[in-house]
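S.K.: Chain order of the listed sequences is A and B. Just so we're aligned: 135 in this note's numbering is position 133 of the first sequence, and the numbers increase by one with no gaps anywhere. Just so we're aligned: 417 in this note's numbering is position 415 of the second sequence, and the numbers increase by one with no gaps anywhere.
These are calculated hints, taken from the structure and not from any lab test. These figures come from a predicted structure and were not determined experimentally. All C-beta atoms in this analysis are idealised placements derived from N, C-alpha and C, irrespective of residue type, glycine included. Among these hints, one or two may not hold up.
Sample of chain A residues at the chain B side, in silico, Cβ under 7 Å [as the list claims (entries may be wrong)]: (1) Leu-49; (2) Ala-50; (3) Asp-103; (4) Pro-370; (5) Ala-371.
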Amino acid sequence: MTALPSVAPTAVAAVGADMFATAVADQAVAVERVDWKPPMDGTADDLATVAADPLRRDANALAVSRMLDVQAMLVGVAPASELLGLEKGQFLHAGPPIEWDRASGPMRGALMGAAAFEGLVEDPEDAEALFASGAEVSLEPCHHRSAVGPMAGVVSPSMWMFVLEDPATGRRTYCSLNEGLGKVLRYGAYGPEVLERLRWMRDVLGPLLGEAVSAAGPVDATAILGQMLQMGDEAHNRNRAGTLMLLRDIAPSLVRSSRSSEEVAEAFAFMGGNDHFFLNVAMPACKLALDAARDVPGSTMVVAMARNGTDFGIQVSGTGDQWFTGPAQLADGLFLGDYGPDDANPDIGDSAITETAGIGGFAMAAAPAIVRFVGGTVPDALATSRRMREITIGENNRWPIPVLDFAGAATGIDVTSVCRTGILPQINTGMAGKVAGVGQVGAGLVTPPASIFPAALAELARRTRERG
Amino acid sequence: MTHQHVEIRPGAYADSVALLQVSRDVAATPGVAAAQVAMATELNVEVLQGMGFTLPPASTNDMVVALRLDDESALPAALAAVDAALAAARKGSSSGGEVTAPPRTTGSALRRAGGDLALVSVPGASALVEAMDALDAGVDVMVFSDNVPVEQELAMKRIARDRGLLVMGPDCGTAVVGGVGLGFANTVTPGRVGIVAASGTGCQQVLALLDAAGVGVAAALGVGGRDLSAAIGGISTQTALDRLDADPSVEHVVVVSKPPAAEVAAAVEKYAADLGTPVRFALLGAGQPDLTTQTEALLGDLGVAVPEWPVWGTPAVPAPDGGGALRGLFVGGTLCDEAMLLAAAELGGIRSNIPLSPELALDSSLLSPGHLMIDFGDDGLTRGRAHPMIDPTLRLEHLAKVAADPETAVIVMDVVLGHGAQADPAAELAPAIAEARAVRDVPVVVACVGTSTDPQGLTRQAEALAAAGAEVHLSNAAATRRAIALVNGAAR
Numbered sequence: 003m004t005a006l007p008s009v010a011p012t013a014v015a016a017v018g019a020d021m022f023a024t025a026v027a028d029q030a031v032a033v034e035r036v037d038w039k040p041p042m043d044g045t046a047d048d049l050a051t052v053a054a055d056p057l058r059r060d061a062n063a064l065a066v067s068r069m070l071d072v073q074a075m076l077v078g079v080a081p082a083s084e085l086l087g088l089e090k091g092q093f094l095h096a097g098p099p100i101e102w103d104r105a106s107g108p109m110r111g112a113l114m115g116a117a118a119f120e121g122l123v124e125d126p127e128d129a130e131a132l133f134a135s136g137a138e139v140s141l142e143p144c145h146h147r148s149a150v151g152p153m154a155g156v157v158s159p160s161m162w163m164f165v166l167e168d169p170a171t172g173r174r175t176y177c178s179l180n181e182g183l184g185k186v187l188r189y190g191a192y193g194p195e196v197l198e199r200l201r202w203m204r205d206v207l208g209p210l211l212g213e214a215v216s217a218a219g220p221v222d223a224t225a226i227l228g229q230m231l232q233m234g235d236e237a238h239n240r241n242r243a244g245t246l247m248l249l250r251d252i253a254p255s256l257v258r259s260s261r262s263s264e265e266v267a268e269a270f271a272f273m274g275g276n277d278h279f280f281l282n283v284a285m286p287a288c289k290l291a292l293d294a295a296r297d298v299p300g301s302t303m304v305v306a307m308a309r310n311g312t313d314f315g316i317q318v319s320g321t322g323d324q325w326f327t328g329p330a331q332l333a334d335g336l337f338l339g340d341y342g343p344d345d346a347n348p349d350i351g352d353s354a355i356t357e358t359a360g361i362g363g364f365a366m367a368a369a370p371a372i373v374r375f376v377g378g379t380v381p382d383a384l385a386t387s388r389r390m391r392e393i394t395i396g397e398n399n400r401w402p403i404p405v406l407d408f409a410g411a412a413t414g415i416d417v418t419s420v421c422r423t424g425i426l427p428q429i430n431t432g433m434a435g436k437v438a439g440v441g442q443v444g445a446g447l448v449t450p451p452a453s454i455f456p457a458a459l460a461e462l463a464r465r466t467r468e469r470g
Numbered sequence: 003m004t005h006q007h008v009e010i011r012p013g014a015y016a017d018s019v020a021l022l023q024v025s026r027d028v029a030a031t032p033g034v035a036a037a038q039v040a041m042a043t044e045l046n047v048e049v050l051q052g053m054g055f056t057l058p059p060a061s062t063n064d065m066v067v068a069l070r071l072d073d074e075s076a077l078p079a080a081l082a083a084v085d086a087a088l089a090a091a092r093k094g095s096s097s098g099g100e101v102t103a104p105p106r107t108t109g110s111a112l113r114r115a116g117g118d119l120a121l122v123s124v125p126g127a128s129a130l131v132e133a134m135d136a137l138d139a140g141v142d143v144m145v146f147s148d149n150v151p152v153e154q155e156l157a158m159k160r161i162a163r164d165r166g167l168l169v170m171g172p173d174c175g176t177a178v179v180g181g182v183g184l185g186f187a188n189t190v191t192p193g194r195v196g197i198v199a200a201s202g203t204g205c206q207q208v209l210a211l212l213d214a215a216g217v218g219v220a221a222a223l224g225v226g227g228r229d230l231s232a233a234i235g236g237i238s239t240q241t242a243l244d245r246l247d248a249d250p251s252v253e254h255v256v257v258v259s260k261p262p263a264a265e266v267a268a269a270v271e272k273y274a275a276d277l278g279t280p281v282r283f284a285l286l287g288a289g290q291p292d293l294t295t296q297t298e299a300l301l302g303d304l305g306v307a308v309p310e311w312p313v314w315g316t317p318a319v320p321a322p323d324g325g326g327a328l329r330g331l332f333v334g335g336t337l338c339d340e341a342m343l344l345a346a347a348e349l350g351g352i353r354s355n356i357p358l359s360p361e362l363a364l365d366s367s368l369l370s371p372g373h374l375m376i377d378f379g380d381d382g383l384t385r386g387r388a389h390p391m392i393d394p395t396l397r398l399e400h401l402a403k404v405a406a407d408p409e410t411a412v413i414v415m416d417v418v419l420g421h422g423a424q425a426d427p428a429a430e431l432a433p434a435i436a437e438a439r440a441v442r443d444v445p446v447v448v449a450c451v452g453t454s455t456d457p458q459g460l461t462r463q464a465e466a467l468a469a470a471g472a473e474v475h476l477s478n479a480a481a482t483r484r485a486i487a488l489v490n491g492a493a494r
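Taking the hints into account, I'd like the entire structure generated from these sequences.
M.R.: The structure is reproduced here in structure tokens:
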């Protein structure tokens, strides 16, 4: 009510029995009615505990503001061995932790290809035994090393990575270089053409980009992401405008580099011909922002969503580094060529970091050109972007969505809102073949397994109770 | 050959009021002997089993459609009626034709549309979560929901106090803010009295009496029935007093409550003494004045003459075949409390589902020998179903049972009017009274609590009940005193 109880309310939000809302509306007061439904099974008590946590509101506001304060600058490109101290036999992968025996086809394929690329085996097929034995090899999530990787997300020491830095804090995140579409390592392919491309990226593209980015000076990835949303990209399945803007910013330095004009032209053709090239900048930019929101006690904000092809995992600001995992789902979408649903592997990749940050599937309304590619319609896309606002804490005014009247991207998925509404985060994704070596088979829409949100909520509630 | 059809619809949801209407519509379909469409809450499952339905396992988030048909051929028509009724219920709850889906949480609604008050009436287990959305948005909240654990009430009220906000409730039936009635509230004329009420129907009684005396009301702020308990300590009462004290149009404040914790009442009275606005306390309790007497005292404070409180109908006479027991059937908890306090002083122990002392508790049959009074609005009887001011079924069933009981000397009932209550309560109650009196000529005294401008029409309701043979009073205390006198008359 207004400060004076003798003055009628200007507007009332009504939730529950509709007759009370109607009674207020009948008295000529504006009423916004909530379409309330019971929360996910078994969550009511934990929801009440967490809602009453005196830390929660300010913790979430802090987490979101920290995230929004991050400026993600592309400051360099260098090998993983140098950046992360990754040694021969050490491999990073997408998603929550996983062992070889539970790894999916595309994850195994990518690891086998990477083992051959690093010279651990001659033939990728020989790597199966190596990984099965576990001797001299180790697997670790990208997320545990401030990195992200699309699809299988496999990173080995010789691969070159983008370096994103927040100038205010000096914090950094990393991501490998994008190989293009079709038969590529990240989709689990490991044929000779895959390894050949990786070697060219190691020997030519990586060093060339490293030189060019250093010479061009930091590139503002956060600003490019904002521009992309005005240009029909959602920065997960469509990165065309972003790729061209990155090229525009570093083109003079590429031309002036020490490399031959033939190699520079090859690099231009490769990057310009790969509409997803910028994805591997967008992802670490999102992670850099989200990492700033980590470890705020009482915050219910999701700071990572990631899949390894077997499990889908989330991490939450108020629960530290703990993963909450459930079975990765199959995407619903369109298939390339003769591939069909039976050929697809469950959801895989760290690229859901874009949705975690409020773009990708959350910003589908910004990218009408690709809604049919993932099997949707424009009205679906608008509805999805609006629906995601029901489960987020704030919005990102640097990333406005034109068709939603420039409303900022929905920011900060709230575990409690997901449990209350049953609305699951919407992810746009590529689909990998389930058999190692196949590569991409399609693209579509997918959600996390619902069970991981009540699990995260239960831990938030446990911590709330422990604080008393 | 009757046919039973039970189906579970996982994830389907509608509120209990909407489903009540759905069940009624379906039951009225030709070929349908009985129909119950309900969420599979523990209580509803019990009700369904009680109706003889066999249920497969279901979660509380599932909807159950249970039909008893004259024969199996009626099934398609019955299911079509279920779908039509559910569709009609949904239509009522959304504005329709919008491109944008409605908000799913109170927080989302406040972000979209702004507003300075939230009204929460979801099931009690979810009330705190929705209320916290309002407090997070810096907005006062009225929590109509009951069955909210007391520790959750304390948690939300502490947070509200820290943020300078007011939580009206939980289990707050009534509020009037700037002339706008919230929950079960009467239509009032603007005026100089401010009310703080830890009792919905108690507040409504005061509103009705003030209206009859020609006195207007600036605001009535509900605080929830437990606010003056030791556990809560009057947190919302203090905030409400501050708000009313700061409002220049409020000249007198009255605090209405069910029996409070003595030390909390003392602390709040001390707090109120320091305010600029005079505050009168109308706190029910053994040996304390009833609400009508308190309102008369308030009228004295205001310098307004106490009117003759209205009575309708011919004076009731004792039942010819005797009976010694007083039976009260109430929808208002405070009205029930007030009646029990008055009757206990004259007649001794009154058994009740909200007894004045624990040894007088009724079992779930709600029947016992001797004097008894039932509050059909109590939490225990509203879990999983609508409040009796919306759904009179349970009370009407009980009326028939009590009237037929030869031990019953007098029946006393309340009817509460205003926004939120049934559109025409007398339409069902008057025939039920007439029917009960046709079986056994037992006197029925009714307290009809409403204002002259209430949507149901106070006079029309009172006259309809009087025409059915009831003696009708505006004052609950007066109605109860008459009932006591009739019991004593029967005993003679």
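S.K.: Compare the structure with each hint and give your call.
M.R.: Hint check results:
1. Leu-49: holds, 5 Å
2. Ala-50: holds, 5 Å
3. Asp-103: violated, 35 Å
4. Pro-370: violated, 16 Å
5. Ala-371: Violated. Min distance 21 Å.
Violated hints, in rising order: 3, 4, 5; the structure is consistent with all others.
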